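S.K.: Sequence lines, in order, name chains A and B.
Quick note, the working numbering runs 589 ahead of the 1-based positions in the first sequence.
Quick note, the working numbering runs 589 ahead of the 1-based positions in the second sequence.
Simulated from the structure, these hints should not be mistaken for lab results.
Model, not experiment: these values are computed from the prediction.
Please note that a few of the clues may not be correct.
Which copy? The list can't say, so a pair holds if one copy fits it or any two copies do.
Below, simulated DMTMM-like cross-link-like pairs (lysine to aspartate or glutamate); rule was C-alpha separation at most 20 Å, straight line [what the hints assert, rightly or not]: (1) Lys624 x Glu643; (2) Lys665 x Asp691; (3) Lys665 x Glu707; (4) Lys624 x Asp666; (5) Lys665 x Asp616; (6) Lys646 x Glu707; (7) Lys646 x Glu682; (8) Lys672 x Glu682; (9) Lys646 x Asp666; (10) Lys672 x Asp649.
Protein chains: 2
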Amino acid sequence: MATKIQSRKQDSPAPIPVIEGVCPMPDIAQLIGGKWKLILLQILIFQGTRRFGELRKQIDGITQTMLTNQLRALEKDGLVRRKVYPQVPPKVEYSATQRAMDLREMFQAMHAWWVRSES
Amino acid sequence: MATKIQSRKQDSPAPIPVIEGVCPMPDIAQLIGGKWKLILLQILIFQGTRRFGELRKQIDGITQTMLTNQLRALEKDGLVRRKVYPQVPPKVEYSATQRAMDLREMFQAMHAWWVRSES
DNA sequence: CTTCTTAGTATCAAAGATCATACTACCTAC
DNA sequence: GTAGGTAGTATGATCTTTGATACTAAGAAG
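Sequences and hints are given; from them, build the entire structure.
M.R.: Below, the structure written as structure tokens:
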């Protein structure tokens, strides 16, 4: 992760902070890539804790298997916290960890870009 | 894309701007997801125009086929500009469009998150 | 005793993404 | 005439992701 901010060239139209070197984008893609992870993170980060069944209802088209997979992967990467209540029928709550909450800025930038992009 | 900013709840530890509703994350994932697109965009956005062969050398492990595919997909989505020079041997240059340049903030947020995440 | 509930697992099939390899065009240099 | 360089295309194999379906546990309600 060698990165640094470059000063602008004389002929550039505007100062552009440049990230040099290689950000391990493949790793990042692993963390937040895939068909469902961005959706899951967005919900847990901006809407708060959710139960398994609530997520299934809220996310259109996701299957139980995939929901479990993706949540487990996110948990393993420290982005989602899983809390099991010892009840019957079972109750499991999922919430964003601090590490995930730190992604808010990225989501907001993404959102802003999308909005601008549409106009 | 119904979105709005929510005011904070009384018991929240800090004010958190919340993006409500559904950002079409699946669409965004289509645009910038996949194994190579983030890498390509990062290079073209922050390092500038590159020739086909330069990209192939710079991106470890990518095949010619995938490089072509991904560049074509990005071009189709208006994120990459393709300039062909009528020479032999051929010369083709790729560069980020304005729409792609608008993704800088997102990349920077992503980068900042990754750096913080590592510490 | 049967049914309902939630949060899963297990299994196999289908679809999609990626890879390896071989091939092309065209001009230049030897 | 042969090889080299660039930017591809074409093809089939494989690897990964995703989907559909059926199944489980354990108590509660009837």
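S.K.: When Cα atoms must be at most 20 Å apart, do Lys646 and Asp666 count as within-copy, between-copy, both, or neither?
M.R.: For Lys646 and Asp666, neither the intra-copy (24 Å) nor the inter-copy (31 Å) Cα distance is at most 20 Å.
S.K.: Could you figure out if Lys665 and Asp616 sit no more than 20 Å apart (CA to CA) within one copy, between two copies, both or neither?
M.R.: within (14 Å within a copy, 26 Å between copies)
S.K.: Have a look at Lys672 and Glu682 and pick one of within, between, both or neither, based on CA distance no larger than 20 Å.
M.R.: within (5 Å within a copy, 51 Å between copies)
S.K.: Are the CA atoms of Lys646 and Glu707 at most 20 Å apart within a copy, between copies, both, or neither?
M.R.: Answer is neither; intra-copy 28 Å and inter-copy 34 Å both fail.
S.K.: One pair to classify: Lys672 and Asp649, alpha carbons no more than 20 Å apart. Within, between, both, or neither?
M.R.: Neither. Shortest intra-copy (23 Å) and inter-copy (40 Å) distances fail the 20 Å Cα cut-off.
S.K.: How would you label the pair Lys646, Glu682 (within, between, both, or neither) given a Cα cut-off of 20 Å?
M.R.: Within one copy only: 14 Å inside a chain, 46 Å across chains, cut-off 20 Å.
S.K.: When no copy is named, should Lys624 and Glu643 be tagged within, between, both, or neither for a Cα gap of at most 20 Å?
M.R.: within (18 Å within a copy, 30 Å between copies)
S.K.: Between Lys665 and Glu707, at a C-alpha cutoff of 20 Å, which is it: within one copy, between copies, both, or neither?
M.R.: Classified as between; 15 Å across copies, 35 Å inside a copy.
S.K.: Within a copy, between copies, both or neither: which one fits Lys665 and Asp691 at a CA-CA cutoff of 20 Å?
M.R.: within (17 Å within a copy, 32 Å between copies)
S.K.: At most 20 Å between CA atoms: does that hold for Lys624 and Asp666 within a copy, between copies, both, or neither?
M.R.: both (17 Å within a copy, 18 Å between copies)
The structure does not agree with the numbered hints 6, 9, 10 stated previously, though it agrees with the rest.
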